[in-house]
Amino acid sequence: MEQTAAHLAAERHGRGRWYERYAMHISRVEHSHVFSR
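Its first residue numbered 199, the sequence shown is counted upward by one per residue in my numbering.
Simulated from the structure, these hints should not be mistaken for laboratory data. Glycine is no exception: its CB is placed at the ideal position from the N, C-alpha and C atoms. Treat the hints with care, as some may be off.
Per label pair, the in silico range of CB-to-CB distance [what the hints assert, rightly or not]:
| hint | residue 1 | residue 2 | range |
| --- | --- | --- | --- |
| 1 | S230 | E209 | 25 to 33 Å |
| 2 | V227 | A207 | 25 to 33 Å |
| 3 | R235 | G212 | 39 to 47 Å |
| 4 | Q201 | H229 | 40 to 48 Å |
| 5 | S234 | A207 | 26 to 34 Å |
| 6 | Q201 | R226 | 29 to 37 Å |
| 7 | E209 | H231 | 27 to 35 Å |
| 8 | V232 | G212 | 17 to 25 Å |
| 9 | I224 | T202 | 35 to 43 Å |
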């Protein structure tokens with residue numbers, strides 16, 4: 199993700215205007231299992 203000053207300012211503006219709560223989770227998938235019929 200591009201982290202320019204303008205991009206960071208736009209993120210802050212969006213969170214403050216549209217969201218009461220904002221969370222971002224960054225992780226790595228170690229294992230994934232899917233079952234379908």
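Hint-by-hint comparison with the structure:
A hinted range of 25 to 33 Å holds for the C-beta pair S230 and E209, which are about 29 Å apart. In this structure the hint that V227 and A207 lie 25 to 33 Å apart at CB holds, the actual value being about 31 Å. A hinted range of 39 to 47 Å for the beta carbons of R235 and G212 is consistent with their spacing of about 40 Å. At roughly 30 Å, the beta-carbon separation of Q201 and H229 lies outside the given 40 to 48 Å, and the hint is violated.
At about 43 Å, the CB distance of S234 to A207 disagrees with the hint of 26 to 34 Å. At roughly 20 Å, the beta-carbon separation of Q201 and R226 lies outside the given 29 to 37 Å, and the hint is violated. Look at E209 against H231: about 33 Å separates their beta carbons, and that is inside 27 to 35 Å. A hinted range of 17 to 25 Å is violated for the C-beta pair V232 and G212, which are about 33 Å apart.
I224 and T202 have their C-beta atoms about 19 Å apart, which leaves the hinted 35 to 43 Å range violated.
Of the numbered hints given earlier, the model fails hints 4, 5, 6, 8 and 9; all others are met.
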